Amino acid sequence: MDIWEWVEDTTEQLREAGHERLAFAVEQIPQATCNGDHEETEQLCTEALALARQLGHVWLEVFIRHWRLQSRVLWRRDASRGNLEEAVSLLDFASQETARGCPQSVCVTQDLVSCYGVIDGPGYADERLRASQEGLERIDSNWPCFDCLSGEYAEALLDDRKYTEMEEFGVRQASQKKGAHLFDLSLNRAFAELALGRPAQAMKMAEGLDSATSGDAGDKSLRVLRALCLARLGKTQKAIKTLPKLEDLQAVHWDNWFRCLRELAEPSLGLNSWRIEASVHEILGALRARKNLYRTVQVRRWAAQLAVARGAHRTAAYHLRCGRDALGALRRPEHLKAQLDSLSESLAKLGDDEVLLPSSVDEVEGELGENPEVNLVTLAAASRRWRLPTALVHGQAAALRALGRGEEIPPLLRTAWSENRGDPELLLELGFELLNQSRFDELGALASDAEEVLPLEADWLRAHGLLRRDDLVGARGLLEKNLGPPGETRGVRSLLIHVLRRAGDLEAALEHLNAVTEYEDPGDADWDRMVVATQLERWEVVRAAAARLELPVDAKGEGPIDERWGYCRVRRRAENGLLHTVTAERTGPVTAKVCEIAPSNEPQFFADEVVFEPTPLSARAVEDAREAGEELPLQEFDVITLVAPGHYRSFAIDGVHPGDKTMQLWRSDLADEGVFFELFSDPDTYRLGGAEGHDKADLLPGLYGFVASPADVTDEQLAEILARVSEAHGMTCIWPALLREIGAESALAQQMEICERYGIEL
Amino acid sequence: MRVLGEALYSTPHVVVRELVQNAHDSIERRRYETREAPVPEISVRCDSANGLLAIEDNGAGLTAEEVKGFLATVGTGHTRAIRDDGGGSSMIGYFGLGFLSAFAVAKRTEVWSCSYQTPDRACRFISRTGETYTLEEAEPREIGTTVTLHLKEDLLEIAKVEFLRDLLRHYCGLLRHPVALDGEVINDQPVPWRRDEAISPLRARKLSLEVAGRFERNFEPITAWTFASAPEHEIDVCGLFWIQDATTYASSDNRNVSVFVRGMLINDDERDLIPRWAGFIGAVVECDSLHPTASREALQRDSNFDQAAAFLREELIRSLATLAGREPESWRRAMRRHNEGLRGASLADPRLFDLLADELTVPTDAGEMTLPAVLSRTAGKIYLSQAERGGFEELLFRALKVPVVKGHLFAVLPFCQRYAESKRGALVALGDQGSDALLLRPAAEQPAARARLEALFGHEDRTIVPSHFEPSFLPFVLVRDRAIALKRSIEDDEADRRIGGAVLSLARRFTKGIDAGPASRLHVNMSCPAVQGLLAADGPRAGVGVKLMRPLIELLADPGAGSDIQDALEDFSAALQIVLAEDT
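Protein chains in written order, with our numbering: chain A, 1 to 762; chain B, 1 to 584.
By construction, these hints were calculated from the structure, which means they are not laboratory data.
Remember, it's a predicted structure, so these values are computed and weren't measured experimentally.
Fair warning: there could be bad hints in the mix.
Unchecked claim - Just so you have them, the derived chain B footprint on chain A, three or more residues with Cβ under 8 Å:
1. 39-46
2. 131-139
3. 617-627
4. 677-684
Heads up, the beta-carbon is just placed ideally off N, CA and C, and yes, glycines get one too.
The shape of chain A in the complex, shown without the other chains (with noise of 0.2 Å):
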């Protein structure tokens, strides 16, 4: 059984049906896993699978999550609890009776026993065998699964250590398929090579190998085993040159990549350093998260040696110590123990990294270098001998942090404040680290400890603590019980203004600000001071902050301020949640008037009056412009406050254009009762007359924009003002829109005629 040739007419039936996407996803997906592009994968699944049910089309719901599982164990290695249950659901599924002759539900069994040996390969070692052998028997070596079946059974015997069986293995598959394409099995047959001892038939088998079908992450492992076989044979900077980057590969080349990373230790060489046990901790966690027991051990011994190879003799019996304490979890740990401790015994013989420490600890920071790895080490050492001061044990969580090690961070914070219970800095920085991993209660737990002697740093971690879980009411509290009088407690009051700010108590806010500006010199409290000032329309106060601010505002006027400040761009939300920028008129310091007409199927914000951040956005386009000696763009404002909505709505106008000077007139009258008009067509370039019969001579500049009209003037007004306005102008312009929603059919039929004569393309 094919399957591409069924993926091929199921996606051609798909598309005859209307399916497009459906059918698109079905061609991506394999394709998209391939590549390694997984997000993709996951995307397309899920819609894919929406679609598929709501077909009702079985087959390809085992299509769809079986690839999805591919991706997911196969090349990610991730058998956590909820992929284990996809795969045996799936086997349920694909086993049952509307399933059962998909020509993917051989695949299924595949997926199952992958988990296991991602979990415990050589645990489960048995199990697979036998459940890829019982797969194989279903099928004959034309199916594509024949390949996969194949090349996990072959896994299996590696993990099983069975290197010969398995060459016999694959020998035995090869000629079934005489000669055709094998390339997952080739690859294993290359690696059992190389655990034979057999470097040069190893890259023989390698070079011979064509990812070309196997997509980007097929050529990844073929290159990570290329550069393994280099490596082995000696060649070490071709190994290097061929080997690809960590950051590039992904879980399923990792194995391959430590296994030459060893091969390739040595630190002259420029691949071994301490900056390795970052990406060591990082995959230590994905493999943590993914349920990979055994090879979560492995890697402990891996970067043991890795951690030898480069004398860091204290990560080295640090990983092992891990290892060992993995060793539990695994079914068939025998072997690698054996490994870890004939690894330990090595590392007792090398001794423990040598530190010299100064005579005192006052100079072990200059003792400090810029490698973690050692750092840590001589703190390690320094700490054995004295209590070490606050920025030696900032040193500490600096080299865990560069070293991947966060999760170590807090418990060596929390140690160092138990001891030195008066260190603000040591309380904050636990505190923030805590909160940063939003560990809420060990940072409420912390609070509570730190209470007697630092209470305002306590408070200080709880404020920060309940924003950080929306809880304005309660940080309030907290700061105003903290608040000193003005010129004090800077932080703290500025804290609060925002809070009162973002719970909408301007008064408050207002408050504070004027508490602030009243010892500080002119500057951005008195600009937040206007914005407050103008949103509770304390216009006394805007003016006064503008003139503490210098600005041209009249200090002397009253009431609220209307000026012409010239033009701007706000940029303010519509009810979607999008970001839209329009023109509007700067009426003071930080309020503007929109004065630009949206199209009629755009959010309308005309007239509006808002407040806005009187931080520019536009600043560096504006020092683009003036230091190419263009002209400035306009000043651009985000809104922060809709003080008055316009409540205009748009409709568009299209006709003949009348001329500049009749134009201006026309528009000018409808102003005169509360419409306006915007032209957002180019006479030059818009032009009519194109209907048939005319000559193109003959073509006229167009007209197109939108009136907008208030809330007060009915639809069936506007029309009448429109027509009105209009016919004593004598212009030619029509509004179908408008005439459409008062249903004005009479009135519509004539604007149409017109439309027809004119060639206007509604």
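Please build the complex by placing chain B on the supplied structure of chain A, with the hints as guidance.
Same frame as chain A, now just chain B:
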């Protein structure tokens, strides 16, 4: 030779590139070997009437011996020899195969050459297929080489001036030595990333757009910007990115990447140099460290390729992040055009996600909305449906005017998940057991009420869970336990008949870990007045109430889980008849 030449290249048109490249390398050779620097001249002439194409240079020229060695022997170009000698860093050729392309297009190939080594002697090489040739002494002229091709009948178009101009611009537009076609220099247009002289940011932007427009085949560029690696980068790369002005859908892949090595176009579809998520990006990449394949129509996938790709990926993310501040209008336009593609892209890199999370929209049953806009209407929850047609919960949320995100569409579910994890809001995937806790709050323990509910609605295979949830008019939610269903199906003897024993034992290994339990949980809404009314009622009224409410359990069960609606409606109808009979 002719066959080899035809097999090596995908199109005979590359002859123009190969011969111009040889001319270029010959000029470089002359500079390298003689330290002379004559003003470089590469001149292309064509005569379409007679099917003639000639490429002339004032490079090093070839001696008769060299002609025999280089032109007549496959794979032995002099460029490689110079490179192996440690020189020739600005030379383009590598394999010594370029000249083969001449035999693929010409019925007769003539090379006249006068070497700087023998300026008073010139030679002429003539061959039809490349397999045999004549080599004769010729009249010496200025030092240099002229290759003249007598084109085959079916390839005469190559000698047409318009066609040739396009070809030369395509392949040689960035070559540093001037290439003239019938006297007109075709590669003198400036490119903005080669900052030979300082230009203002605005000018650079305009020039970038102009150049992007030349390279972009299918779309207008919205905005374009240059990039260049710094000394600390592992590889020297420079060029131009642009965003295409076309609405893309989901995983559309319109990546358009032209790669130039030493000024010569290698491939105009080297899309893998930029990340897969960048399906709306075009780029021109100049990088002299990339290694072309033998045909020079693609790049070798080696560590240099990886380094260039890594640099471009980082640069793209960095520059997209700054584009928002640099050109906000263009950025917003790009976001509207590529909302779906960017949603996918943001999931591929956390930095992009941070940049885009609040700005991209997701489809909801109330139209496209950003997640902050969704959250502002749902009290901090992202309600998400995973089916094309949602279940009863979706209908209820619609009734409550709460937007429900359409999670089954491209990249929506993971985008919402990540938003809830890293920004704010709680994701409530409707119909998902994991989200039940967010929707269904357990009610305070009231043993009497529980006992009553057990008596009224209990079932041997169902747990009763007194709960509170919105909307309060809804009395029940029945949640079926999928894990239990799976356990029962896999552990049933019937499974042995349809699943192979070995793989079934692996499956059972998993289901053994699932605790046995009832197949479903009935959440009874203690906030529902009908439920409270039922608990307060007694005697026959309670009996009728139960009969009326019980059918609702099946009707309100999660869709697709085998609700027996027919039975439910029949029960309901029967109960209603009792009520109506009582009333009458």
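Hint check results:
Figure legend: the region 39-46 of chain A, annotated as covered by chain B; annotation consistent (6 residues with Cβ-Cβ distances under 8 Å, at least 3 required). Coverage of the region 131-139 of chain A by chain B holds [criterion: at least 3 residues with CB-CB distance below 8 Å; count 5]. Counting residues of the region 617-627 of chain A whose CB lies closer than 8 Å to any CB of chain B gives 7, so the stated coverage by that chain holds, three being the minimum. Coverage of a stretch by a chain is defined here by at least three residues with a beta carbon nearer than 8 Å to that chain's beta carbons; for the region 677-684 of chain A and chain B the count is 0, and the condition is violated.
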